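The residues making up each chain are set out below.
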Amino acid sequence: MTDLNPAARNASEATVRTAGALLGVVSIPLAIVALIVLGSFVSPSFLTVRNLLNVLNAYSAVGLAALGSTFVAICGGMADLSIPANVAMGALVALGAQPLIGPVPAACLGILVASLGGLLNGLLVGYMRINPIIVTLGTGFLLLGLSQLLIGGGIVYAEPSAFGSFVGGTVLGVPVFVWVFLLVALILHVVLSKTPFGRWTFAVGGNYDASATSAVPVRFTKAVAFVLTGMLAGMCGVLIALANGSARPIIGSGYEFVAITAVVLGGTSLFGGRGSILRTLGGVLIMALIGNLIVLIGLPTPSTGFVTGTIVLIVVGVDAYLRRRLGTE
Amino acid sequence: MSGVNLRTMGHLVVQYRLLAMLAAIAIFGGFTLDDFLTANTLRSILDRAAVVGFLALALTPLLIAGQIDLSIGSIMSMSAFTTIAMQPFAGSLPAAFIGLCVGIAAGLVNAAIVVVLKVNSLVATLATLLIYASLVLLVSNSQPVSSTDPMFGLPLTSTMLGIFTPRSMLFIGAALVMFVWLKATPSGRTLYAVGSNLSAAVSAGVNANAYIGGAFVLSGLLAGAAGVLQALSSATGSPLAGSVLLIPAITAVVIGGTRLEGGRGSSLATLGGVVAFGALTTLSEYNGVPSYTQAVYTGLILILLITLDKVASGGEGKTTRARRGARTTPTIKARNP
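For the protein sequence lines, the chains are A and B, in the order given.
Counting from 1, position 164 in the first sequence corresponds to residue 164 in my numbering; the numbering is continuous, with no gaps.
Counting from 1, position 135 in the second sequence corresponds to residue 1135 in my numbering; the numbering is continuous, with no gaps.
Okay, chain A solo, but in the shape it has when bound:
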C-alpha cells in the first residue's frame, strides 16, 4: 500500500506516537498557563484570587457532570445528552420536596430521582445495547418534559434554610461548590484508577467483546457509568438550586456540551478505552478559564457554544487522525 519500507514506516509511526503522547502530557498544563497569561493581558481583574475562585465556583457544579461523563466516555458509552434533564430533575425535586420533608432529605431525594433517570439510560444502553446518543437524546427529552409536568412549567423557590446558605457559602475561604467538586473528583479518581470497577471501565471501552469473554460484567459496567452520571448531574442541579434559591426546568441547558467538551479537552476519548479523571479536571479548568475570558472580553453569550462546539470538533478530529495514523482503528 505504501512506498515506505517497514522500518521507515515504523519510525514515522513511532514519531507520531511520541508526538501524540507528548501532546497528551503537556498540552493541558500548557493550555491552562496560556489561558492565564492571555487572561491577565485581557483584563486586570482576571488574575485575582477572587476572580479565579469565581471561575472555579461557576464550573464546579457542571464539573460534577463532566466527571460522570468521563466514566461514560471511557466505557465506550460516548456521551450522556440527558444531563440537562437530570440536572433539572435534581434541582426541582430538591426544592419542591423541601416543605414536605426538610432541605437535607429533599436534596437526597433530588439526587436519587436523577439517579433513576441515569438508571433508565443505563438499562437501555448497557442491557439493551441501544446507541447511547439516541437513548440519552430520547430520555433527555422525556425527563425534561416530565420535570416541566411536575411543576406545571413554572419556577420553584427554595425555603430559606441553614443548609441552603451553607451550600452557597464558603469553607476556609473556598466555596463549598469547589470542595464538593474536588472531593468527588478525588473519590472517582481512586475508583477509576485503583479499583476493579475502574479496570472494567477501561476494558469495556477498549474491547467490548474481549472483555465479555474475559468475564468482565460488561453490561453492568456500562449501566453503572450512566447511573453515576445521572447521580452527579442530579447533585449538580441540587447544588445550583440551593445556592440560587430557585430552580427552573432550563436550569441545566447546555451542560451536556460543557461536560462533553471538558472530557474531550482533557484527552479522554469519546470512543472508549482511554482517559482519566485528572484529565477531565484539567478540561473543566480550561473550560472555566475560556468561559471567564469570553465574559471578560465582553463577547455575547452564544459565543461560548460556538467556541465549545469548535473545540470538540478540533479535538475529536485530531483524535481520529492520530488513531488512523497509529492503525488502532
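If you're looking for bench data, these hints aren't it; they were derived computationally from the structure.
For clarity, every value in this text was computed on a predicted model and none was experimentally measured.
Beta carbons are placed, not taken as given, at the ideal position from N, Cα and C, and that holds for glycine.
One side only, chain A facing chain B, incomplete, derived with CB under 10 Å:
no.	residue
1	Ala-79
2	Leu-124
3	Gly-140
4	Leu-142
5	Leu-144
6	Ser-147
7	Leu-149
8	Gly-152
9	Thr-301
10	Ser-303
11	Val-316
12	Tyr-321
Derived DEER-like restraints, expressed as beta-carbon distance ranges:
no.	chain 1	residue 1	chain 2	residue 2	range
13	B	Ser-1291	A	Gly-245	21 to 29 Å
14	A	Trp-179	B	Thr-1293	37 to 45 Å
15	A	Arg-325	B	Val-1206	22 to 30 Å
16	A	Asp-209	B	Ser-1158	55 to 63 Å
17	A	Ser-40	B	Val-1177	54 to 62 Å
18	A	Tyr-127	B	Val-1206	29 to 37 Å
Chain A residues, not near chain B, derived (Cβ > 10 Å throughout):
no.	residue
19	Val-42
20	Val-167
21	Phe-197
22	Leu-278
23	Gly-298
Using the hints, position chain B against chain A.
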C-alpha cells in the same frame, strides 16, 4: 422458546406499528372530539406535518447509509432566519433560495467533517448542532426577525384539492421522489448497500465516501427547506425555529420503521411516520394537552420503539457498537421463510 415467542411478538408489533398507531389515534380522536374525523383535520395534520416532515426526510437517506445528522434542527434555524433576514436586501424569492443555500453549505461542512476528517457522524453533528445553533443566535442577536413581505408566504398554507396545502404537497412530493430514487435507481440502491455493509460495499468498488457525503449535503438541503417553509409560512425568522424539532423528527422516522442501525428504511415509511406523529400532535392539541406533556410521550414513543426494534432484531446482536464501521447485517433478514 419464550425468547423466540417474545421476538416474534416484538416483530409483529414493530411491523404493524404504523397502522396500529393511526387506528388508535382515529378511534381515540373520534370518541373524544366531535369533529376530529373530518377532511379538515386531515388537511391540518398534513399541513402542519410538512416542516417536521422535511426534517424527517433529511434524516432518512442518512440513516439508510448508516449515518446520522443531529444538526438538522440547527440547520433549519439558520435557514429560517436567513430566509427572512435577507428579504429586504434580496427580495423574497431569492432570499428563500439563499436560505436553501445556507442549508446546503451546512450539509457540506458536515460531509467534510465526516468524510474527510473521518469523525464519527454522531459526534461530528453533535458538535455542529451546537456550532450552527450558536452561530444563528450570534448573527441574530438572539432576536427573531419579522418578514418585510408577510404576504409572500401566505399561499403556502392555503387549501388545495380539499385536503392539501402547497407546503404539504411539497413534502409529499419530496417523499415520493425520494422513494423512487431510493428504490428504483442504481444510486439509491447502492445507498442501502453502503448502510448495511460498508466494507463489503467498498470491496465491491462503491465510492462510499461520495454516497455518505452526498447524503449529508442532501440532509442539509432538506433541513434548509424545512426552515424556509417554516419561516415563510409564519412570516418570522426565528433563530430557535428548529431547536426543539430534532427529537420529533427522529421519532417520526422511527415510527415509520426506518432503522437507526442503517441499511433499512424508506421515505414512504417516513411519510407514514410523519403523518402518524402529526396526527398524534394534532389530537393532543385539540384536547388541550400542554406542550411538555407532548415532550413526555414523544420521548416515550421514541425509547419504546427503538427498544422494540432492538428486541425484534435480536437484542444480543453485535450491531450497537458506537463505531458505525463494523456493522453486521440485521439478523431479521435471514429469518424470512
